[in-house]
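S.K.: Listed here are the chains, written in short residue letters.
2 protein chains.
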Amino acid sequence: MNITIIGSGNVATHMAAAFKNAGHRIVQVYSRNVQHAALLAYHVGAEAIDNLDQVNPDTGLFVVSVKDDAIAAVVKALAIHEKLIVHTSGATDLNTLLNLTPNAGVFYPLQTFSKIREVNFRSVPLCLEGANDNILAQLKQLAFTISNNVYAVDSAQRKILHLAAVFACNFPNYLYSVAQDLLAQNQMEFDLLRPLILETAQKVLEQEPRNVQTGPAVRNDEGTMVAHMQLLSDMPMLQEVYTLLSQGIIKNNKGLTAHE
Amino acid sequence: MNITIIGSGNVATHMAAAFKNAGHRIVQVYSRNVQHAALLAYHVGAEAIDNLDQVNPDTGLFVVSVKDDAIAAVVKALAIHEKLIVHTSGATDLNTLLNLTPNAGVFYPLQTFSKIREVNFRSVPLCLEGANDNILAQLKQLAFTISNNVYAVDSAQRKILHLAAVFACNFPNYLYSVAQDLLAQNQMEFDLLRPLILETAQKVLEQEPRNVQTGPAVRNDEGTMVAHMQLLSDMPMLQEVYTLLSQGIIKNNKGLTAHE
Numbered sequence: 002m003n004i005t006i007i008g009s010g011n012v013a014t015h016m017a018a019a020f021k022n023a024g025h026r027i028v029q030v031y032s033r034n035v036q037h038a039a040l041l042a043y044h045v046g047a048e049a050i051d052n053l054d055q056v057n058p059d060t061g062l063f064v065v066s067v068k069d070d071a072i073a074a075v076v077k078a079l080a081i082h083e084k085l086i087v088h089t090s091g092a093t094d095l096n097t098l099l100n101l102t103p104n105a106g107v108f109y110p111l112q113t114f115s116k117i118r119e120v121n122f123r124s125v126p127l128c129l130e131g132a133n134d135n136i137l138a139q140l141k142q143l144a145f146t147i148s149n150n151v152y153a154v155d156s157a158q159r160k161i162l163h164l165a166a167v168f169a170c171n172f173p174n175y176l177y178s179v180a181q182d183l184l185a186q187n188q189m190e191f192d193l194l195r196p197l198i199l200e201t202a203q204k205v206l207e208q209e210p211r212n213v214q215t216g217p218a219v220r221n222d223e224g225t226m227v228a229h230m231q232l233l234s235d236m237p238m239l240q241e242v243y244t245l246l247s248q249g250i251i252k253n254n255k256g257l258t259a260h261e
Numbered sequence: 002m003n004i005t006i007i008g009s010g011n012v013a014t015h016m017a018a019a020f021k022n023a024g025h026r027i028v029q030v031y032s033r034n035v036q037h038a039a040l041l042a043y044h045v046g047a048e049a050i051d052n053l054d055q056v057n058p059d060t061g062l063f064v065v066s067v068k069d070d071a072i073a074a075v076v077k078a079l080a081i082h083e084k085l086i087v088h089t090s091g092a093t094d095l096n097t098l099l100n101l102t103p104n105a106g107v108f109y110p111l112q113t114f115s116k117i118r119e120v121n122f123r124s125v126p127l128c129l130e131g132a133n134d135n136i137l138a139q140l141k142q143l144a145f146t147i148s149n150n151v152y153a154v155d156s157a158q159r160k161i162l163h164l165a166a167v168f169a170c171n172f173p174n175y176l177y178s179v180a181q182d183l184l185a186q187n188q189m190e191f192d193l194l195r196p197l198i199l200e201t202a203q204k205v206l207e208q209e210p211r212n213v214q215t216g217p218a219v220r221n222d223e224g225t226m227v228a229h230m231q232l233l234s235d236m237p238m239l240q241e242v243y244t245l246l247s248q249g250i251i252k253n254n255k256g257l258t259a260h261e
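Each protein sequence line maps, in turn, to chains C and G. Basically the working numbering = 1-based index in the first sequence + 1. Basically the working numbering = 1-based index in the second sequence + 1.
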């Protein structure tokens, strides 16, 4: 397939490489910054452009991977070519595109990308939405050429997914930093906890989190919880976190869902 | 070295196998439940016993891996043999042993063990404490035969470590279950999030958590945070979690530590 990449950030970079590796042709890479466009274009054998007037209409798909608040303006400029246009944003409604073109979809990769880390794209979940069944089918076919994990997710679901990712990724990472601080205050290295963090994540790759919950709260080990609260006595904010999350675990364990 | 294993739970099982694989001789395995003792003893080529009167004094080390509240009674029975005794508990003070014998230490593996999952013991952090320098040196030598990650950690530090592990392991696992519930309520599968969970843990194996924090809170993206709070409007407990952890991330990002 002939594909044009609009954007040169982390998502655009990893996705362009995945398309190229799967045998697709990247026609052009657009970025407002011509050097960023040139760098990515060079890697994927495409032409670099920094002006949307230079877009080559001989393409099958525009992949718009720019900041959420820039999507509408870019799509407005691309719509005149009457080709399929997708955005890659978790938080942006499909309607943002449908206001500008009927030929629209979403191609949202649910992963945390960094330029410094290689990602195996075949394991990245791709969440697709199309303006109609025909577009969705086209996007599915394309998605399976680069990933084994392809899902149809509508705009309402995608908003929930984005929220769930905050609980599953952003908040755990914050708690890792809390643990690191506790160790540092007591002259211990974060390396002590790294194998435990990895194993905790690996366990839920096969199991349900609820079934592998460990620690004092799930055992209702009140002695240990009281001792922990005493260790946190100078840190009221962490006491609050400890109490709230322990209560959640205790409720889960009683078969209630977390918010009851 | 000749080693006697007291206990047959997850820690005893994985540790006995690691000692055996490193060329040590397991003399006996004790469990109150003779079948549990027999099963583990069979795997590591040892004699099974279910009575502490049957202990063979021709050993170099007793590894006591029983429930925290059973440690003292077991050690009292073993102390007459005047051999080195260690416990494997995160939450138990060395003094619990020193009240009964001067020949004591701690050999605490910081990992979450399940019988169904293989663990590469060479990456398990071993936290050691000895009643004196000589005992600590002996334990270090032994520890390096089964792990590359060996640390001297005193009883006060070990309590902090145990607390930090709650933040780094038990609480993230709970947040995984919250994310799973959010998806299930909206007809989405947990598989969507599994690659993200793994990548989030893998990132901090090389990086500091604070430096790889992502999400709306660290960007101070108030629009997204308000939208997320609205999605949680029927779940006040999760709103509280969302607010508290987002505030922590925002404070971290301002260079304050989490509890200020």
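A few of these clues could be false.
Copies of one chain are not kept apart here, so a pair can be met inside one copy or by any two copies together.
[Stated by the list, open to error] Once the Cα atoms are required to be at most 20 Å apart in a straight line, the calculated SDA-like pairs of lysine to any residue come out as:
{"no.": "1", "residue 1": "K84", "residue 2": "V227"}
{"no.": "2", "residue 1": "K21", "residue 2": "S115"}
{"no.": "3", "residue 1": "K252", "residue 2": "E241"}
{"no.": "4", "residue 1": "K84", "residue 2": "N150"}
{"no.": "5", "residue 1": "K84", "residue 2": "N149"}
{"no.": "6", "residue 1": "K21", "residue 2": "G46"}
{"no.": "7", "residue 1": "K252", "residue 2": "Q240"}
{"no.": "8", "residue 1": "K252", "residue 2": "N149"}
{"no.": "9", "residue 1": "K141", "residue 2": "G24"}
{"no.": "10", "residue 1": "K84", "residue 2": "L232"}
{"no.": "11", "residue 1": "K252", "residue 2": "R211"}
{"no.": "12", "residue 1": "K255", "residue 2": "M236"}
{"no.": "13", "residue 1": "K77", "residue 2": "R123"}
{"no.": "14", "residue 1": "K77", "residue 2": "M2"}
{"no.": "15", "residue 1": "K77", "residue 2": "S234"}
{"no.": "16", "residue 1": "K255", "residue 2": "A74"}
{"no.": "17", "residue 1": "K84", "residue 2": "R220"}
{"no.": "18", "residue 1": "K68", "residue 2": "S156"}
{"no.": "19", "residue 1": "K84", "residue 2": "Q203"}
{"no.": "20", "residue 1": "K255", "residue 2": "A185"}
{"no.": "21", "residue 1": "K255", "residue 2": "D134"}
{"no.": "22", "residue 1": "K68", "residue 2": "E223"}
{"no.": "23", "residue 1": "K141", "residue 2": "E190"}
{"no.": "24", "residue 1": "K21", "residue 2": "S234"}
Hints were generated in silico from the structure; no laboratory data involved. Computed from a predicted model, the values in this text were never measured in an experiment.
S.K.: Does each hint hold? Answer for all of them.
M.R.: Each hint, compared with the structure:
1. For the homomeric pair K84 and V227, neither the shortest alpha-carbon distance inside one copy (62 Å) nor that between copies (35 Å) is at most 20 Å.
2. When the C-alpha separation of K21 and S115 is checked against a cutoff of 20 Å, the pair qualifies only within one copy, where the shortest distance is 19 Å, while the shortest distance between copies is 42 Å.
3. In this assembly of identical chains, the alpha carbons of K252 and E241 lie at most 20 Å apart whether taken from the same copy (17 Å) or from different copies (15 Å).
4. Taking the closest pair of Cα atoms, K84 and N150 never come within 20 Å of each other, the shortest separation being 26 Å inside a single copy and 56 Å across copies.
5. For the identical chains of this complex, K84 and N149 are neighbours neither inside a copy (26 Å) nor across copies (57 Å), given an alpha-carbon limit of 20 Å.
6. In this assembly of identical chains, K21 and G46 lie within 20 Å of each other by CA distance solely inside one copy; the values are 8 Å within and 55 Å between copies.
7. Both within a single protomer and between protomers do K252 and Q240 lie at most 20 Å apart by alpha-carbon distance, with minima of 18 Å and 16 Å respectively.
8. Proximity of K252 and N149 under a CA criterion of 20 Å is satisfied in neither setting, with 36 Å inside one chain copy and 38 Å between copies.
9. In the homo-oligomer, the alpha carbons of K141 and G24 lie at most 20 Å apart inside one protomer (16 Å), although the nearest pairing across protomers, at 54 Å, exceeds that limit.
10. Neither within a single protomer nor between protomers do K84 and L232 lie at most 20 Å apart by alpha-carbon distance, with minima of 61 Å and 34 Å respectively.
11. Taking CA atoms no more than 20 Å apart as the test, K252 paired with R211 passes inside one copy only; the shortest distance there is 11 Å, against 30 Å between copies.
12. For the homomeric pair K255 and M236, the shortest alpha-carbon distance between copies (18 Å) is at most 20 Å, but the shortest distance inside one copy (29 Å) is not.
13. In the homo-oligomer, the alpha carbons of K77 and R123 never lie at most 20 Å apart, since the shortest distance is 32 Å inside one protomer and 57 Å across protomers.
14. Taking identical chains as interchangeable, the C-alpha atoms of K77 and M2 are never at most 20 Å apart, the minima being 23 Å within one chain and 75 Å between chains.
15. Taking the shortest alpha-carbon separations for K77 and S234, neither the intra-copy value of 56 Å nor the inter-copy value of 34 Å comes in at or below 20 Å.
16. For a Cα distance limit of 20 Å, the shortest separation of K255 from A74 qualifies neither inside one copy, at 50 Å, nor across copies, at 33 Å.
17. In this homomeric assembly, K84 and R220 never come within 20 Å of each other (Cα to Cα): the closest approach is 58 Å inside a single copy and 33 Å across copies.
18. With identical chains, the CA atoms of K68 and S156 are at most 20 Å apart within one copy only, with a shortest distance of 17 Å there and 50 Å across copies.
19. Neither within a single protomer nor between protomers do K84 and Q203 lie at most 20 Å apart by alpha-carbon distance, with minima of 42 Å and 39 Å respectively.
20. In this assembly of identical chains, the alpha carbons of K255 and A185 lie at most 20 Å apart only when taken from different copies (19 Å versus 35 Å within one copy).
21. Within a single copy, K255 and D134 get their C-alpha atoms no closer than 43 Å, and across copies no closer than 46 Å, so neither meets the 20 Å cut-off.
22. With identical chains, the CA atoms of K68 and E223 are at most 20 Å apart between copies only, with a shortest distance of 15 Å across copies and 47 Å within one.
23. For a Cα distance limit of 20 Å, the shortest separation of K141 from E190 across copies, 18 Å, qualifies, whereas the shortest one inside one copy, 46 Å, does not.
24. Proximity of K21 to S234 under the C-alpha cut-off of 20 Å is found in neither arrangement, the shortest distances being 55 Å within a copy and 43 Å between copies.
When each numbered hint is compared with the structure, violations occur for hints 1, 4, 5, 8, 10, 13, 14, 15, 16, 17, 19, 21, 24.
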